[in-house]
Every structure is written in C-alpha cells, then in structure tokens.
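Colleague: Taken in sequence, the protein lines are chains A and B.
Here the first sequence stands for residues 1 to 514, numbered as in this note's numbering.
Here the second sequence stands for residues 515 to 637, numbered as in this note's numbering.
In short, the hints are calculated from the structure, not lab data.
There's no promise every hint is true.
[To be verified] Short derived list, chain A residues pointing at chain B, Cβ under 10 Å:
(1) N9
(2) E38
(3) P39
(4) Q44
(5) C45
(6) L46
(7) S51
(8) L56
(9) S57
(10) E59
(11) G92
(12) R387
(13) S390
(14) V403
For each residue, glycine too, the CB sits at the ideal point set by N, CA and C.
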Amino acid sequence: MAKEQSNPNLTVDIAVDGMSATLTLNVVEVEVEGEDAEPITAEQCLTLLRSNGITLSDEVEKEVHALVKLHVVDSTSPHSDVVATGTPATPGEDGRLEFNEGFDPDEERDLASANGAGADDSVDYYNRSAFCLVNVGDEIGHLYPPGEGESGRKVTGDPLPPIPGVAYTLKVDNTEIEIKPDGDILALKAGLLSRDENALNVRSNLEVPGFVDFSTGNILFHGDVEIKEGVRDCFVVDVTGSVTIHGQVEAATIRTGLDATLTGGMAAREKGVVEIGRDFVAHYLNGVTGVVGQNMTIDKEIINCQLVVKGMLMGENAAVAGGRLHVGGSVIIGELGADSGTPTELAIGVNAEVEEMDAKIQSIVDEIQDRTKAFQPEHDTLKSNERKLSKDQQKRYRELRTVLRELQELESSVHEAQEGLHVVADRCVMIDITVQRLIQPGLRMNLGEVTADFNDELTGPVRIYRDANGAIVVQDLKSGEPPTPLHAIARVCQVHQPVEDEQAPEPDSAKAAA
Amino acid sequence: MKILLVEDSKTMRNIEKSVLSQLGYTDVEEAVDGQDALRKLTEYEPDLLLVDWNMPNMDGLTFVKMYRQTNKTTPIIMVTTESEKARVVEAIKAGVNNYVVKPFTPDLLGQRITETVQKTAAV
Numbered sequence: 001m002a003k004e005q006s007n008p009n010l011t012v013d014i015a016v017d018g019m020s021a022t023l024t025l026n027v028v029e030v031e032v033e034g035e036d037a038e039p040i041t042a043e044q045c046l047t048l049l050r051s052n053g054i055t056l057s058d059e060v061e062k063e064v065h066a067l068v069k070l071h072v073v074d075s076t077s078p079h080s081d082v083v084a085t086g087t088p089a090t091p092g093e094d095g096r097l098e099f100n101e102g103f104d105p106d107e108e109r110d111l112a113s114a115n116g117a118g119a120d121d122s123v124d125y126y127n128r129s130a131f132c133l134v135n136v137g138d139e140i141g142h143l144y145p146p147g148e149g150e151s152g153r154k155v156t157g158d159p160l161p162p163i164p165g166v167a168y169t170l171k172v173d174n175t176e177i178e179i180k181p182d183g184d185i186l187a188l189k190a191g192l193l194s195r196d197e198n199a200l201n202v203r204s205n206l207e208v209p210g211f212v213d214f215s216t217g218n219i220l221f222h223g224d225v226e227i228k229e230g231v232r233d234c235f236v237v238d239v240t241g242s243v244t245i246h247g248q249v250e251a252a253t254i255r256t257g258l259d260a261t262l263t264g265g266m267a268a269r270e271k272g273v274v275e276i277g278r279d280f281v282a283h284y285l286n287g288v289t290g291v292v293g294q295n296m297t298i299d300k301e302i303i304n305c306q307l308v309v310k311g312m313l314m315g316e317n318a319a320v321a322g323g324r325l326h327v328g329g330s331v332i333i334g335e336l337g338a339d340s341g342t343p344t345e346l347a348i349g350v351n352a353e354v355e356e357m358d359a360k361i362q363s364i365v366d367e368i369q370d371r372t373k374a375f376q377p378e379h380d381t382l383k384s385n386e387r388k389l390s391k392d393q394q395k396r397y398r399e400l401r402t403v404l405r406e407l408q409e410l411e412s413s414v415h416e417a418q419e420g421l422h423v424v425a426d427r428c429v430m431i432d433i434t435v436q437r438l439i440q441p442g443l444r445m446n447l448g449e450v451t452a453d454f455n456d457e458l459t460g461p462v463r464i465y466r467d468a469n470g471a472i473v474v475q476d477l478k479s480g481e482p483p484t485p486l487h488a489i490a491r492v493c494q495v496h497q498p499v500e501d502e503q504a505p506e507p508d509s510a511k512a513a514a
Numbered sequence: 515m516k517i518l519l520v521e522d523s524k525t526m527r528n529i530e531k532s533v534l535s536q537l538g539y540t541d542v543e544e545a546v547d548g549q550d551a552l553r554k555l556t557e558y559e560p561d562l563l564l565v566d567w568n569m570p571n572m573d574g575l576t577f578v579k580m581y582r583q584t585n586k587t588t589p590i591i592m593v594t595t596e597s598e599k600a601r602v603v604e605a606i607k608a609g610v611n612n613y614v615v616k617p618f619t620p621d622l623l624g625q626r627i628t629e630t631v632q633k634t635a636a637v
C-alpha cells in the first residue's frame, strides 16, 4: 500500500509499483440520526481516482460502476476491488542467430538411410554431403537484433520504459566470416563451418571419422582432409590441400592440390584415379591410373597401374609389376617386373617445361586444324562446281585454295618442330634407376631416345644411369666392378631411328668367317 | 488563500478538500448548499469560491446570481460535470469566472485556480 487517500467513505490504494489501484467503498456513517447515509456515487469515486492521478478509461469506469452497484445493494459492508491496472512493459525479443537452410553446423545430416545409387533417380547420393561446407560468398545466415520491447504504463499514466532484449553475441574471425550491418552473415573463406557455443568459424581441416561412402557423400573440400577409414567405390575425394586416408581406398577418385598419404593402400581394379598435386605416399597401389605432381613413395607394390610421377619414385622395398610407370626423376625400387612375365613398362623423363612447350605447340596445331575445318566445306563446294563458277566465285575459290595450302604447310612445319622437340627432350632425359633386388624378364624401359627390353633376369642391387660419355650403363652395386653398357644386358632400340645389331657385339667366329 | 467550498456531498467535499490541500490550499471553509453559503459569506470573506452546480435547496447557478447581486467580485469557479458543460455560458453570464469539469486532476484544478485569480487581479 503506497498511496492512500483517506476518506471516511472512499479510499484508494495505489500499489508501490504503480501497477494497480484498489478502490474501497467503506460503510457510510450516518451523520444525523434518523437520516439516511449519503450515498456513494460513481462520480465521487471517479473524482477521487482522478484526483489521485489515476488515468480514467472505459474499463476503470466499468469497474467503478460495478463496485458502486455492489455498494448500493449492500451498503452495510465495505466493498473493495482493483479498479485500475497498469500495463506492464513488454520485454523485447532477444537477439538470435538463424542459419539459412543447409548451413546449420549442428544440424544432423543423416545420409546413412540412403539405399544406394539408383534407389531414387532424382537424388544424387554421391553428391550429398554430411558436412556443413561453405564456399566464399555463401550466405550462412542472419543475426537478428534484439527487440526494443514495448513500454508499459502505470495506473497514473506514467510510462514504464521498455525492456530491450539481449543482443546475441556472435564471435567470428573477420578473415573467415563477415557480419554485415544488416545482419547477413557471409562466408569469406571456403571450408568446414564449425560452431563452438557463440563462436562461428570456417575450418580448413575436415576429419571424416569413418568411411567416405553414402553416409558422407563425396568429399569436396577447401583445405586438408583426414579420413579415418577408407573410401568406397565410385566416391570422389577432391581437396585443395592434403589428404590422409588410413583405410583402404577402393575404385574411387582421389584428387589433391597438395599431398596424399594412403596408409591403407588403394585397390582400384583399373577404375580408380589419383591426381595428386604434390607428393604421394601409399602403402600399395593396384589398378590405379593417375598423375603425381612431385615425388612418390611406395611401401609394398605397384601392380598394373598407369601412373605418371613427375618427380622421384622411391620404394626400395617395393615391387612394380604390370602396367606403365612414367617417372620424371630418379627411381629407387625393390623389384621391377613380374615373375609371371606380365609386361611392365618403366618410362623415364617427364620434363615439365618440355611438356608445357609441347602443349603450346599442340594448341597451335589445333588452331590450324580448326581454321582448316572452317574453310574446307566452302572450298569443297566451289571445287565440285568449278566449271560453273561466276567470276567472283572463281576468285573466292582461288583464295580458299591458297589459304588451305598455306595452312597445310604451316601444320607440317609445326608438326616437324614438335617432333624435333621430342627428340631433343628424349636425348636429355636424366636416367638414374636403382633396383635393389631384381629386374624380372618382361620389363621394358623407355629411356628417352632408347627403349630397353629385359629378356633375362637381372639380380640387384644395380644402378642404371648415363655415364660421363652419355652412354647408358648398368652398375652392379654389390660387386664394385666397372659398369656394363645397357645394350649388353638388355635389347636396346633407338626410339627415333631404328638401329640394327647395336645391342650385342659380333662373336669372333662370325667375324672370322666374314 | 481562503477558499469557500460549496458542495452538498460530504464525500465530494472531502475529496475536493484533499485536492486543495495537495495544492497547498489549507484554509478551506465548507458550505452544504447555496443557502448555507450565502449565510456563511456574511461573516467569511474568501478569496475564491468553488461551487458545485447541482445542489438541493439552492443550486449553484442561483447562488451565483444572488451572490453577485451583493456586488461581490470574489472569483468563482464552477465545478461541473461533462453533461452540464453546455450550460457554462449561462453560468458565466451569471457571474462565474471559470469552470472545471469533474472528475479533475489536482493539476487541472490548480491551473484553473491560478488562472482565475490572476485574471481577476488583472481586472
């Protein structure tokens, strides 16, 4: 009871917080004996309320009239009621963070219920992702500001200030995520969207706890990836950084901008592909096709693979059997070739600069051919009607004939230059091959300008290299004896010019007979 | 300032006295109707009259007419209701200086008292 207007007949109590006013109609005292007590009227009540600062409204008047009615019915007992009520201030909504669809990092992405490709042709089960991945510019969500709330009023009409909501505090790294002035949240970096309480960031590391399969979808990631298990058939792991895969990789595609480490090996059944930007380390490879940007290290074996390794190949305990390996740098390997005689090919010499030049030359050749294709139809049409051509058409025909002849000559020149480049490049191939245990018969080595076919077993450790004179020789690393020319051990042929009998010297008896 | 409060309802008189007290006017005399007021005015000279409209024996309008016939220029504020506002002109012609409609706030009554007294003093 804060404020009370004392009056014999009427009292009003205003609550301490000003949010209610209680009117009490007391028992009216008879002033003069024999006379009726003065009746309490609604007008008096309203005047009392007003004089105490109470804002009068239809509701208040209604309450007063109802109370007065009660008093009229029974004026021998007091009547009291709350006749005015304030309006409490409404607190504003707290600020909140809302993610756009597909960008809630905490949302469960259950892909495991998929029945496999083909269960529903409208759904690409491979390209659904179990992870919350973002790309640069993605609109992740929106940060809503707190509401201001609505002000209230006391019974006296005094305003109650609104209670604003609490702002949502979102911590971000400004290099990863931008919160725009209008509240939109943008990704500034590609990666894995991650949330830790009130912090939101974009990670460049993704860990796949199990297999890459229908439960995860393909992995297309900006950053580095670690896969705890393996990768199932037909799935794609394509990362801009490095990838480490602990389990076996099946007939999948592995693409990296940087390194790849396959500790569980890869059994690709001639369907799997690797495109490794930098170094490649694998336990074993079977039936894999691909390119390695720099060096490759192998633990156990490379079986029936078609691989280009632009750097070195290292695997002093490993075996290469079947398939074709094209290595740009030196080779250190345990065994080459298969004891079953399965053809195995080792080509040496991948020069990035030469490849680049070759590609440019090829693009010129392609352009010449395109232009030829563009002119050829018109030329052929005019040629087929040669005798009936008008003067202008004859002139046009002569022009086209000249152009096509010039293009043909140009194409020939360019082809010649391209072949010349290949010859020079092959001549400059650096040869440094170390085989620790054995070279099996059936192995073919492409060593730039020559190929060498090994028809007999050669026990290691041996080193094959180009000596100071430019000759390709084989050095037995155990015996310490002088190196032997390659042509004495393998059947050697020139790649660009056929050379007869260069491989083995004539026996003396044959010379004497001649 | 001395004020004569002319109001038949005791309850209303108490309310108005309370409001006047809030405004600092504590020297307040009461009269229960117009006749009682005329009687008291022979001995009591207020600075302001606060007169209700509807009263038994002698209503407010009649009292004002009769009071003005005594050549008294004491300022008079008529306390009226919303429904009686239309007759304010009649009251002013009879000699009322100002009016206030009930229910009124203390501020409004205070304002009316101040402006009435000031205007009368200026004249």
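Colleague: Each hint should be assessed against the structure and marked as holding or not.
Modeller: Hints and how they fare:
1. N9: Holds, about 5 Å.
2. E38: Status holds, d = 6 Å.
3. P39: 9 Å, holds
4. Q44: With Cβ-Cβ at 5 Å, under 10 Å, it holds.
5. C45: 9 Å, holds
6. L46: Where the cut-off is 10 Å and the nearest Cβ of chain B is about 4 Å from L46(A), the hint holds.
7. S51: 5 Å, holds
8. L56: Result: holds, 7 Å to nearest chain B Cβ.
9. S57: 12 Å, violated
10. E59: Cβ of E59(A) sits 15 Å from chain B, so the hint is violated.
11. G92: Cβ of G92(A) sits 32 Å from chain B, so the hint is violated.
12. R387: Violated, about 117 Å.
13. S390: This hint is violated: S390(A) lies away from chain B, its Cβ roughly 109 Å from the closest one there, beyond 10 Å.
14. V403: This interface hint is violated because 103 Å lies over the 10 Å limit.
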